[in-house]
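Okay, here's what each chain looks like letter by letter:
2 protein chains.
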Amino acid sequence: MTISEAGAHVGQSVTFGCWLTRRRSSGKIQFLQLRDGTGFIQGVLTKEEVSEEVWDHAGRLTQESSLYVTGIVREDPRGKSGYELAVTGLEIIQITQDYPITPKEHGVDFLMDHRHLWLRAPRQRAIMRIRARIISAVQQFFDENGFTLVDPPILTPSSAEGTTELFHIKYFDEDAYLTQSGQLYMEAAAMALGKVYSFGPTFRAEKSKTRRHLIEFWMIEPEMAFVDHEENLRIQERFVSHVVSQVLEHCRPELETLERDIAALERVKPPFPRITYDEAIRMLQELGMELPWGEDFGAPHETALAGKFDRPIFITHYPKGIKAFYMKPDPKRPEVVLCADMIAPEGYGEIIGGSQRIDDPELMAERFKEHHLSPEAYQWYLDLRRYGTVPHSGFGLGLERTVSWICGLDHVRETIAFPRMLYRLYP
Amino acid sequence: MTISEAGAHVGQSVTFGCWLTRRRSSGKIQFLQLRDGTGFIQGVLTKEEVSEEVWDHAGRLTQESSLYVTGIVREDPRGKSGYELAVTGLEIIQITQDYPITPKEHGVDFLMDHRHLWLRAPRQRAIMRIRARIISAVQQFFDENGFTLVDPPILTPSSAEGTTELFHIKYFDEDAYLTQSGQLYMEAAAMALGKVYSFGPTFRAEKSKTRRHLIEFWMIEPEMAFVDHEENLRIQERFVSHVVSQVLEHCRPELETLERDIAALERVKPPFPRITYDEAIRMLQELGMELPWGEDFGAPHETALAGKFDRPIFITHYPKGIKAFYMKPDPKRPEVVLCADMIAPEGYGEIIGGSQRIDDPELMAERFKEHHLSPEAYQWYLDLRRYGTVPHSGFGLGLERTVSWICGLDHVRETIAFPRMLYRLYP
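Just so you know, the protein sequences line up as chains A and B, in that order.
By the working numbering, the letter at position 44 of the first sequence is numbered 44, and the numbering carries on one by one without gaps.
When you read off a place in the second sequence, starting at 1, and then add 1000, the result is the number in the working numbering.
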């Protein structure tokens, strides 16, 4: 049995392996807070009702000692899990000494150095459970909507975005780089499979330390043939709403552990407000945040704009100069592109960037020249416009930002089991 | 609409975007083989029944031209998809010229250079669909069995297996390596979450070219607290059987495209035969393949052993000298370890390696000395035995080998969208 299954065993004697998180004693009764990874339950021992050996063993248990416990499951409406265990037997696996993470406050660096143990804390466990639920909601959404999962390569000969923030690798006699985005490959896959999505790690060698950045982060990148800008937005708002609703449905105890404002998540329903870049510039002006047309928003701008709405918003039609080379210009106004960033509410910033892609081979060749991209390295990408080009769109969701928002965290470092940051490669 | 949804639109007029794979004409009738990524359907035009413009447009279509087609869906019991389209309208998006992959035979190097286009071939599409189904069956199995998905880091300070086949990266001022396995991190996660699994890319800088190896390959690595060697095997056979049964249930047309022997897959049901390493040595001897005790099996040995059985087999209890440092010795016979490799039938070789892990802190410290592992770099891993150690087990499934086996492929290079091999980093 596992603790999460306790409800199916009320009145029965069960045995399971677990760890002690805390022990309290009041003379003739001992309370053991137990965890097994699947959940938490309180074990209760009454001196009169257990053998002397079991009573003594329980008394020796320290924080994070491991044990097999036997007992009768009882309903306990007061307890958080709804059940408790009347302990009848107890086999010690290991008495743990000097567990580093005590109930007292620890600094972040200390906790990060002990990330392998910190993960056992209820708060960290709750975040990991929500992260996993988000991922399974992502898979469910795309499976149910006719997408095929495709894994783009991690080792690539060149960068998708032409930036310099790349990790270099000697790939035998060649130079390779860690991927920053699988998008270009996903475009090829969409021409073969219609609607595709990826879920995998991406890397940015950015020498910055902010609460929104990781060096190694996971992206979900759907790409869809025969889908235009407008349909792209409709899919995104349905997608994000689905993910949030799945977390609300399945992770209530975890959200409570994190003291997340549930009402803010319950408002995440389509349609999401759409504002153009131009409108956003005007709104910022009204808020006293002047920004010249053509400049990109920073985190404070995004937070200010998001603050005017109660759910995620789309900012659309950015100037082409601040967006990626492959975005399709608006036919009615070619100085802006058919793109949208999705900005999460409550100051969590951009969680999605997406666009309709250029499908015209000549325009794409032009962009290559403007951006000094090597037509040789990207020959295959140009081929997609040469051989049966079609209108297509896609987007990329940053998983850790999304986890951060849904969990209501201050910093992305808690959104992944073993974060990789500037000066942080251990454990 | 998409082609896969044609069955729900019989008798209706539908419009969808697609590509032409082949056109045949017999005077007054044209047959268009159409694909949209979700499936294939034949479009039929009768000269008398369509406008001259539509007839002419159809006549201009070349292989991989892109178009929007309109027509009435009709049942067609002779056709592969069961439906055909009586074309009434046709809008050309692009007439493709000189599509490189023609119906004639091409060499493998040529096809690999054009992988971005080769993916459009029905055979490649079938493999990608089966791969995606395998992955979703993996997720389903673990979700339904109480596992939490955890993403271990890709960038690591040191190697899990102590080998030299590592890709090196300059991580700002530190040295980092691409992961070869997430297992050690998954052990930490299992102590926090009970049962966990990972799905992610791993890397091996091996200068070898075989039909079973990729440089970049995806692994599924479950790790389970309070699970011993025997239970580990039972979970593995249920897991692999579930994956195969899901493919059989959902991918029949794709398996037919690949001309896969379905009967061989239908035999994949638990229990899987278990033979010890010692028995395997004896069986090889009987087959005239002498191998001294203590040496590892090569591909020919695995194929010979698998050939004696009709489903995957476990080879258990290998000598500790040829297995990883963290495997738990058999208490009854400490020169062998509580491990198992799962060998796929039909010569596809090892698809799973797994074991119970050492949980004794002193024995683990000894192994560290024997294997010259730095206690500093692995401090966190030693901590897992120091603070609440518990019996635990896990395994790793190589995704591409599994896809290769289930699809019945000669070479792993077709099991992933953009394979990375020695001398192959493009596209």
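Just so you know, the hints here were simulated from the structure itself, not pulled from any lab data.
Just so you know, not all the hints are guaranteed correct.
[Unchecked claim] Each computed BS3-like pair below joins lysine-lysine, with the alpha-carbon atoms no more than 27 Å apart:
1) A/Lys-269 / A/Lys-209
2) A/Lys-323 / A/Lys-308
3) B/Lys-1209 / A/Lys-170
4) A/Lys-207 / B/Lys-1170
5) A/Lys-104 / A/Lys-170
6) B/Lys-1170 / A/Lys-170
7) B/Lys-1369 / B/Lys-1320
8) B/Lys-1170 / A/Lys-209
9) A/Lys-80 / A/Lys-104
10) B/Lys-1269 / B/Lys-1209
11) A/Lys-269 / A/Lys-308
12) B/Lys-1308 / B/Lys-1269
13) A/Lys-47 / A/Lys-28
14) A/Lys-170 / B/Lys-1207
15) B/Lys-1207 / B/Lys-1170
Going through the hints against the structure:
The hinted pair formed by A/Lys-269 and A/Lys-209 fails the criterion: a straight-line CA distance of about 33 Å is larger than 27 Å. Between A/Lys-323 and A/Lys-308, the direct Cα distance comes to roughly 24 Å. Compliance with the 27 Å bound is thereby established for this hinted pair. Between B/Lys-1209 and A/Lys-170, the direct Cα distance comes to roughly 18 Å. Compliance with the 27 Å bound is thereby established for this hinted pair. Distance restraint check for A/Lys-207 and B/Lys-1170: the Cα-Cα separation of roughly 13 Å lies within the 27 Å cut-off, and the hinted pair is therefore satisfied.
With a CA separation close to 46 Å, the supplied pair A/Lys-104 and A/Lys-170 exceeds the 27 Å bound. Pair hint B/Lys-1170 plus A/Lys-170 holds up; C-alpha atoms about 10 Å apart against a cutoff of 27 Å. Distance check on the hinted pair: B/Lys-1369 and B/Lys-1320 sit about 15 Å apart at the alpha-carbon level, within 27 Å; holds. Taking the CA atoms of B/Lys-1170 and A/Lys-209, the gap is about 18 Å. The hint holds against a cut of 27 Å.
A distance of roughly 22 Å separates the Cα atoms of A/Lys-80 and A/Lys-104; the hinted pair therefore holds under the 27 Å criterion. With a C-alpha separation of about 33 Å, the suggested pairing of B/Lys-1269 with B/Lys-1209 is violated against the 27 Å cut-off. About 16 Å separates the Cα atoms of A/Lys-269 and A/Lys-308, which keeps this hinted pair within 27 Å; it holds. As the CA atoms of B/Lys-1308 and B/Lys-1269 are separated by approximately 16 Å, the hinted pair is consistent with the 27 Å bound.
For the proposed pair A/Lys-47 and A/Lys-28, the alpha carbon gap of about 5 Å is at most 27 Å, so the pair holds. Between A/Lys-170 and B/Lys-1207, the direct Cα distance comes to roughly 13 Å. Compliance with the 27 Å bound is thereby established for this hinted pair. About 21 Å separates the Cα atoms of B/Lys-1207 and B/Lys-1170, which keeps this hinted pair within 27 Å; it holds.
Violated hints, listed in ascending order, are 1, 5 and 10; each of the other numbered hints is respected by the structure.
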